[in-house]
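All you need for my numbering is the position in the sequence shown, starting with 1, plus 808.
Don't read these hints as lab results, they were simulated from the structure. One or more hints might be untrue.
[To be verified] Across the chosen pairs, the derived CB separations fall in these ranges: (1) T996 to Q901: 20 to 26 Å; (2) L933 to D826: 27 to 33 Å; (3) S838 to H945: 37 to 43 Å; (4) T929 to K874: 20 to 26 Å; (5) S928 to T858: 20 to 26 Å; (6) K932 to H821: 41 to 47 Å; (7) D826 to D908: 27 to 33 Å; (8) D1008 to M809: 41 to 47 Å.
Predicted model, so just to flag it, every value in this text is computed and none were measured. Here a beta-carbon is modelled for each residue, glycine too, at the ideal position from N, C-alpha and C.
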Amino acid sequence: MAYSIDEQLVFPHPSLADDDGLLAIGGDLSTDRLLLAYQHGIFPWFSNDTPILWYAPHQRFVLDPKKLKISKSMRQFIRNSKFTVRENQNFEQVIKYCADSLRKDQDGTWITNDMQKAYSTLHKLGVAHSIETYDEHGDLVGGLYGIKIGNVFCGESMFAKKSNASKLAFIYLCQKESIELIDCQVHTEHLASLGAEFIDGEAYYQILQQQEYTAHGI
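The task is simple: from the sequences and hints, build the whole structure.
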């Protein structure tokens, strides 16, 4: 049973989430609430026609950058590509492209206008970050965004307008020395092929508790 949090700046312990990971309902998308959520392994996931829903899955789909798998074809693509990757140059466009991306078996987007505004505020505070892929013409063709808690990057979403553009951004993220773990949130075959795997939710929670949170670059 999900807990109603209304205006209280508090969350139940993640272990109390339902079988599907739903932990709490209500609240808002204020900076303080979002920071509190991510520091405890909780994230919002809802749509325009539902209240704000907060999730803390009992099994977390994560990737240890040291276990990243890069296929032979992708290595060849990286060697020959004219794409360039940058950080935090166009956060608001990245999150908008992620919201507008059509996804299989998904009607609409969970990246509502309110979500975009809230995460853009976090970006200005140095908490939310984007990794962007640009083609040879300087056009933004892929990327991802997420929240950084210590050395853990909580990935929110990615998009690609050209083949391999989002994968290139993800590989770039994995190669950052400051990133020790990436929370992928939702299982996809794409991320599994790169080396992402499930770990126990309590183990993930303990990792987060060891992080020293500061707002800074990736």
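Evaluation of the provided hints:
{"no.": "1", "hint": "T996 to Q901: 20 to 26 Å", "in the structure": "holds (23 Å)"}
{"no.": "2", "hint": "L933 to D826: 27 to 33 Å", "in the structure": "holds (31 Å)"}
{"no.": "3", "hint": "S838 to H945: 37 to 43 Å", "in the structure": "holds (39 Å)"}
{"no.": "4", "hint": "T929 to K874: 20 to 26 Å", "in the structure": "violated (33 Å)"}
{"no.": "5", "hint": "S928 to T858: 20 to 26 Å", "in the structure": "holds (22 Å)"}
{"no.": "6", "hint": "K932 to H821: 41 to 47 Å", "in the structure": "violated (30 Å)"}
{"no.": "7", "hint": "D826 to D908: 27 to 33 Å", "in the structure": "holds (30 Å)"}
{"no.": "8", "hint": "D1008 to M809: 41 to 47 Å", "in the structure": "violated (22 Å)"}
Comparing the model with each numbered hint stated earlier shows that hints 4, 6 and 8 do not hold.
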